[in-house]
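Colleague: Following the hints, position chain U with the ligands against chain Z.
Order-wise, the sequence lines are chains Z and U.
Counting in the numbering used here, the first sequence runs from 5 upward without gaps.
Counting in the numbering used here, the second sequence runs from 1435 upward without gaps.
I should point out that these hints are in silico values taken from the structure, not numbers from a laboratory.
Hints may contain errors.
[Said to hold, decoys possible] Label-pair ranges, simulated between beta-carbon atoms:
#, chain 1, residue 1, chain 2, residue 2, range
1, U, Gly-1764, Z, Gln-36, 57 to 65 Å
2, Z, Pro-432, U, Ala-1474, 34 to 42 Å
3, U, Ala-1702, Z, Gln-307, 14 to 22 Å
4, Z, Leu-159, U, Leu-1650, 38 to 46 Å
5, U, Pro-1625, Z, Gln-307, 46 to 54 Å
6, U, Glu-1614, Z, Ala-274, 31 to 39 Å
7, U, Asn-1667, Z, Pro-432, 58 to 66 Å
8, Z, Ala-277, U, Cys-1647, 48 to 56 Å
9, U, Lys-1783, Z, Asp-310, 27 to 35 Å
10, Z, Asp-264, U, Asn-1656, 29 to 37 Å
11, U, His-1626, Z, Lys-239, 22 to 30 Å
12, Z, Gln-36, U, Gly-1741, 53 to 61 Å
13, Z, Tyr-24, U, Cys-1647, 20 to 28 Å
14, U, Pro-1756, Z, Arg-416, 44 to 52 Å
[To be verified] Which chain Z residues face chain U? A few, computed with CB under 10 Å, are given here:
#, residue
15, Ile-68
16, Gly-91
17, Ser-107
18, Ile-108
19, Ala-124
20, Leu-127
21, Thr-275
22, Phe-318
23, Ser-364
24, Asp-368
Just so you know, even glycine gets a beta-carbon here, dropped at the ideal spot from N, CA and C.
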Amino acid sequence: MSSAMDLEYTAAQSKPKAFYESFERKEELRHQTHYCPGCGHGIVHKMLARAIDELGIQDRTILISPVGCSVFAYYYFDVGNVQAAHGRAPAVGTGIQRSRPGSIVIGYQGDGDLSAIGSAEILHAANRGENITVIFVNNAIYSMTGGQMAPTTLLGQKSTTTPDGRTAEHEGHPLHMSELLATLSAPVYIERVGLGDNKQIAQAARAVKRAVENQVRGLGFSLVEVLSPCPTIWKMPPVEAQHWVRDVMEKTFPLGVFVDRTKESRPRAATNAAPALEEIPRILGTRDEDADAIDDVPALRAQEVDLHVRVSGFGGQGVLLLGEVLAEAGMDAGLEVSWLPSYGPEIRSGTSNCHVRLASSPIDSPLVTHPNVLVAMNEPSLKKFSAGVRPGGWILYNGATLPAEYERQDIRILARDFTREADTIGDPRAANMVMLGALLEIAGTLPQASIDAALRHCVKQPKWIDLDERALVLGRSLCKQFLERGAA
Amino acid sequence: MRKQLMKGNEAIVKSAILSGCRAFYGYPITPASEITEAAAFYMPKTGGVFLQAESEVAAINMLYGASSAGVRCMTASSGPGISLMQEGISYMAGAELPCVIADITRGGPGLGNIASEQSDYHQVVKGGGHGNYHTIVLAPHSVQEMADLTALAFELADKYRNPVVLLADGFIGQMMEPVEFPKRAVAPRLPHWAVAGTADSRGNLISSIHLGCDELEAHVCNLEAKYRRVERNEPRAEDWYANGAEIVLVGYGIVGRILKAVTAEARASGLNVGLLRPITLYPFPSLHFQRLAARGRVFVVVEMSNGQMVDDVRLALNGVRPVEFLGRAGGNVPTHHEVLALVKKLAKKYCPALEPEELAHV
Ligand SMILES: Cc1ncc(C[n+]2csc(CCOP(=O)(O)OP(=O)(O)O)c2C)c(N)n1
Ligand code: SF4
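Only chain Z is shown next, with the shape it has when bound in the complex (with noise of 0.2 Å):
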């Protein structure tokens, strides 16, 4: 390191063993950071290294590098490194630390990565009180890429995008992400130090090892805000940037604790215990036990099924539990099946449609744009989809008679007013399964065990089964009337 001011901090102390040997630099520099001379960022990666010792978790902390000047953290600590995007640590270290909870995940951030372009990643962060600790250096300017305005430079403070100085009408004000995060409920530790003077130092860096100390007894999320010199892009000399820290940046963001529950925190409940591999299909209900046994009908499969199905209503009619039902006993007799529902903004609006095909050969395309039997459960879907249905094709049209303009010769069209139907049985809510029965009247092909054992698995309840079973039968029984009519 090569500071004055951060030879005055290490004066006493040896190089820590979180930190590597030497620096994976060129040759003539890999005893030399590349910070420059005066930079807060080579004390605050002492101080760090310093507490994963005293801590004795180096084999343990993952580091997470940012993009600003720090960018290279990894080249020092002797640790787990990984190297995040801009403003991205906070997540980075939540999908680590969710996974890995026995590591130490400390994320190490600039004032232009965590306050601006990573200000959502941090807030959520600390409100879900992520276990990660997060060392942020603020330095109240973007070095990295020449100076310019961060969400962190005064009021007044010059920068390459303010060349005037910062104003509170243009720019806003600088932001205080301690005292802004300290609104939240759940970080357990958030202080912001400084590196003014050597006691500040002394202080900042007992505060960095808190924040990492909390980590390590599972606490949750700590912050630590460091007021950090860039002698380089203040313009200043070492010297008069490290008491520009103290004397003028302290006094928009003053020092201290904002937040201290350690107290009162708990270590968090260990997550739930992953079960042994051999379960996990039992829990996803992936085994054969959990599948239809599907019956092999050869019967069925010589008979040339091609059913296209269309049925509409509106939502709550159960349009789309109907096409289950048809589709999981089409599954369940061995036939090949598929079953589309219409999604969206077209639920939203109140109208529910979907395609259903049973093919004893393997299904080419589940859409159904040419129905042979449509289930219109109300007129709207006679309007949309009538047209289309295939000559020799059926409609089951949910009214008790059919508006003249969808007449047409070359379909059978039964008409009904099967909510009234439904209703004598005992729920006009079961016109769905009404027409589902005339509907496999008509099919003709489906073995009643598959449709009983279809109307188990989507329907849950022992009531609706039911009523269900009944309004089936009532289907069937008006479709066959209405063919014997035809017949005679």
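Modeller: Below, chain U with the ligands without anything else, positioned relative to chain Z:
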């Protein structure tokens, strides 16, 4: 045989967990939300992590963290969310981190709509993020493939240390079909390069920075060599009567299904039509196309977009055969009648060998 009727979106999650996936980070969006919801339900029960992120930017960076720590992980989203993830995808490709991303597509640009479109092809297959990288892209066309290709996605992601995208349209995500899963779950393993907070993994570094020009060029060359291996080993396509066909239809996802129906009808009316359905969009199955060019007189690409994959078909054929295009957008689906009409028109133009009487009723 035993099968379950299931939505494509649910099949993805079950297959992922059976494949050893133990972390899911996501942000809700139609038509992908069922994936996130199923993950919320099953992940905690199977010893995995589920967290709803504050944005897709955060979600993909949480994957970056989980993957760095050596955990098989995934997310799911749709167009607008995938746009936000591009930064993270580029970083993961650069840092050679495996992960699986399901993109259940909808209509765009902008907020577009939530109906199915295939207009994410460019952003996903061509790499919507910055830098020299590719993601491996798999395109399921059935619920069974949603399960099978999810398992394959995790394998390929680990094998090549690269993000893999499952590119499926809203139809495939929302529809139910019978599906069968593997009997055994894959055990999670810790890769040697991971940073897992252990003494053994302490020396590891996950990073995409290579400051020196030569250093970065060497890294890019290494990635490139990896992509060449992927291109050699992994292209997959389904040949559906395409071998020997004079008119080769081309489509992926739900369009592949529609084109199967068209193929059946066209063949029934005596036309020599087949379908080539790319299953891997990157690596693009170019060789499959070149082989079919010997007999194929014309290639007809059908997409639910204004023409994105068609560019890759043209590149694969490199001018040796004409490439025709039919596209619908906005959530409209090319109907099989519409495609059939085009096929018949093209048959007249490109297949003069047909007898005039045959053409008369074509
Ligand atoms: C997405 C993105 N936008 C912009 C940049 C350019 N950039 C690199 S570092 C930086 C600012 C860093 O400032 P700060 O976090 O304060 O760190 P310092 O350099 O001051 O230590 C910016 C804008 C980037 N790398 N990525
Ligand atoms: S530019 Fe500033 S922050 Fe960056 S290394 Fe130099 S002194 Fe430190």
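Colleague: What are the numbers of the hints that this structure violates, sorted from low to high?
Modeller: 10, 11, 22 and 23
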